[in-house]
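Those protein sequences? They're chains A and B, same order as listed.
So for the first sequence, my numbering puts the first residue at 1; every next one is plus one.
So for the second sequence, my numbering puts the first residue at 1; every next one is plus one.
Just to be clear, a hint being listed does not mean it is correct.
Taking lysine-lysine pairs in the BS3-like style, the calculated list, with each CA pair at most 25 Å apart, reads [to be verified]:
hint: 1; chain 1: B; residue 1: 268; chain 2: A; residue 2: 227
hint: 2; chain 1: A; residue 1: 306; chain 2: B; residue 2: 155
hint: 3; chain 1: B; residue 1: 381; chain 2: A; residue 2: 227
Derived by calculation from the structure, the hints in this document are not laboratory data.
This is what each chain is made of:
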Amino acid sequence: MQQALDDVVVLDLTQHVAGPYATKLFADYGADVIKVEAPRGDITRRLGPFMGDDEHPEKSGLFFVLNTNKRSVVLDLKTPEGKDALAALARRADIAFQSFAPGTVDRLGIGWDWFQQVNPKLTLVSVSNFGQTGPYRDYRLSELVLYGFAGEMYSMGETDREPVKMFGTAALFESGSAVASGAMGALWAAKRHGIAQHVDIALHETQAGGVDRRHAAAIAYQFSGRKTQRVASAAAGMPQGIYPCADGFVDFNNAGLRYDRIIDMVGNAEWALDPRYQEPTARLMPDLVEEWNSHFMVWCLERTKKEIWAEARRAKVLCGPLFTMEDLFHDGHFTNRDFWTDAEHPVMGKIQFPGRPVIMEKGGWELRRPAPLLGQHTEEVLQEAGLPAETIGKMKPTEGVR
Amino acid sequence: MTPKPLDGVRVVDLCVVWAGPFATMQLADLGAEVIKPENPFVWQPMTRGAMARPPAMMLPMTQAWGGGYPNNEPGERPWNYCPTFVSVYRNKRSFTVDLRRPEGMEVLRRLVAESDVVYENNATGTMEKLGITYDWLREANPQIIFVRVPAYGSKGPYAQARALGVHLEAVMGHTLLRGYEDADPSSNSAIYSGDFMAGAQGAFAVMAALWHRERTGEGQLIEVAQAESAATMFTQAIMDYTMNSRLLHAIGNRDIFGKHPCGVYPAKSPGTAETMDDHWISIHVEDDDQWQAFIEAIGSPDWAKDERFRTNAGRNEHRQELDEHIAAYTAQHEDYDLMHCLQAAGIAAAPVLEASRMFDDPQFRARDFFRTQTVEGAGTKEYVGPMWQFSETPVEFTQPPVLFGEHNDYVYRGVLKMSDSEIEKLREGGHISMDFDPSVP
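Go ahead and model the full structure; you've got the sequences and the hints to work with.
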């Protein structure tokens with residue numbers, strides 16, 4: 001079957017999480033993504049989790065998910081041969097992505113000017129911490145530092161404790177998805193208007209300009225002078241927040257906006273029908289809320305999270321049980337929807353992972369190949385790019401590279 | 001105005017809350033004409049506010065982004081100013097029509113015929129109840145691209161489940177995976193990272209589908225099951241389970257890859273968390289060389305030269321003691337001073353900024369990130385800017401956050417080419433308005 005983007009060639013010089021996640025989306029929907037790795041390989045090859053806890057560069061589950069459907073070429077860009085080979089690849093590409101620190105780009109001499117000289121029709125997407133300009137241009141970021149600075153982390157956690165981040169590298173995945181949408185826009189500019197351009201994507205701007213609460217906290221301050229306080233999501237309404245239950249926790253944020261449905265969910269329990277709770281301002285009165293919660297918590301503690309969610313779904317109440325990965329992996333809803341994909345990997349063997357992020361009826365997601373081994377496609381890709389066999393022979397790497 | 005990537009693309013925006021509007025905001029920033037049909041008789045909760053007419057006394061009792069209306073007053077048309085939503089309504093157009101009535105659906109049908117994409121993320125069943133199905137849309141426009149964003153997908157036992165981003169993140173494991181290591185998950189705040197993922201991936205999918213249409217002439221149906229699109233964010237936890245049957249737990253601000261120190265430390269603060277001017281600095285030292293640079297940057301105190309802290313393994317083993325030392329140091333310094341000092345030594349560090357402080361930050365300023373927009377009734381304010389900087393097709397904020405019904409004339413006359421008498425009839429029927437009907441609470 002034809003995939004939507006199978007006429008697009010992507011030259012991918014990114015590593016770690018955000019850049020590779022963006023190019024993965026292109027690859028998953030059909031683009032030929034040539035992933036150029038340094039002889040040591042993408043840093044995520046050395047970041048876990050690893051299959052069987054074996055810290056082997058071909059056994060990272062993180063690298064695997066970020067690089068499905070790509071081909072890997074190893075080039076040493078510090079050598080003239082490496083740079084020539086890169087130029088040959090750039091000539092055949094529609095769009096290139098790079099995530100070097102701005103200073104490194106200068107040092108390697110592969111900035112926007114170089115790409116324009118090599119291929120004037122090429123679009124270049126540069127992904128960096130703080131952008132290609134400004135006083136922080138050369139500053140470093142990691143997940144925590146990024147999210148604390150530009151995401152809405154300040155208001156996460158308990159009032160009397162330090163702000164607390166999201167899981168793992170969630171913010172970098174968010175930023176990566178924003179890189180993908182921006183890059184797809186640039187590709188359209190090239191198609192529609194013949195415009196080749198440099199897209200400067202700063203991770204901190206993808207966070208500050210994204211949707212998860214920061215834009216709202218910012219304009220709330222501009223409108224009213226009010227700031228956004230750090231408050232936990234503990235049981236705080238009718239209902240509001242996270243409640244303990246028989247075997248874990250359930251999240252009822254904003255569920256109290258439809259109190260009629262709450263009454264239905266708890267089976268018209270007598271306590272719930274008390275007219276005092278049904279006044280629109282009831283949830284703003286702390287004593288009343290505490291009294292109400294004393295009833296509701298008992299109802300929750302008598303039930304498991306799945307039983308509670310079933311009642312909530314029946315009554316159309318906003319609710320989410322706090323699942324573990326074990327709960328999620330064995331849940332029939334997701335297995336029956338083919339959410340999980342099986343792949344065969346030459347080193348890891350059978351591997352299961354979440355496949356398609358989005359279901360497109362036509363030209364959609366497909367697993368054409370697992371994540372590539374380091375340098376697996378060096379010869380094949382450089383041949384396609386028309387490099388003479390002799391030159392390709394010279395590129396043949398150093399230890400550990402195929 | 002410079003050319004835009006999606007010039008000539010028209011999107012009908014039937015979106016609510018954040019996940020959908022964030023996708024269409026990106027399409028609008030890229031130049032698509034995004035038109036929002038809105039209904040003066042139906043309040044969609046959490047879309048232009050919690051209530052159409054919130055009582056003034058309630059505003060100070062809700063979080064700033066819920067109750068922080070201009071000058072702390074709901075004003076005459078509060079639906080135009082709820083801070084939770086205004087920022088994602090830039091570059092869009094709004095007109096009003098009651099889709100519960102046949103003549104309203106006829107208006108929508110005519111708009112769809114003139115459009116390329118229809119995007120919706122309503123509670124399950126809402127579209128069907130109105131009669132808006134893929135078949136109906138295709139009849140109006142055979143090449144239409146229809147995007148749906150059900151929480152858990154259109155098929156399966158959870159197809160009918162109601163959810164905001166915060167709920168489906170709980171189901172996908174996030175709420176148990178994040179937060180303080182030593183507290184139960186109810187200490188977590190409600191967040192909406194799932195809306196970010198669904199919105200960006202949805203915008204990407206629309207542009208991929210347009211690409212497919214350009215090549216084949218075919219429109220299509222797209223399903224962004226929001227929970228599934230969010231899952232990627234939890235890759236490390238998912239893969240550790242599928243590969244090693246290991247369950248991960250919340251580890252606070254520590255690094256998932258185990259590089260220490262990685263934490264949020266107190267800085268000199270002008271106030272407290274109650275007054276919302278407590279200052280914090282996040283610091284992440286990612287290897288042993290950086291640790292040596294860190295020691296030097298903070299003036300080589302004796303405690304830092306402790307042999308036990310020399311290696312990452314040692315810093316991890318003794319991290320509580322180490323964190324106490326670092327906190328005692330950072331508490332005596334301004335957060336920005338700490339950032340510049342540590343960054344000069346090559347260490348990732350930055351203040352944890354409360355939102356209002358962004359507006360004073362030199363990096364945001366140097367890159368002209370913020371955009372000034374004037375909204376009638378809200379004055380001239382600075383809003384967060386776009387997520388990308390294009391050299392040739394820059395994102396421009398040509399339309400400030402759209403007022404309810406602001407483009408009635410444009411849509412009915414300009415797009416749908418309706419006659420005066422047709423428009424008059426719809427106006428008499430209450431379809432065309434800039435106000436929610438008084439019956440709406």
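Violating hint indices (sorted, rising): Violated hints: none at all, because every hint is consistent with the structure.
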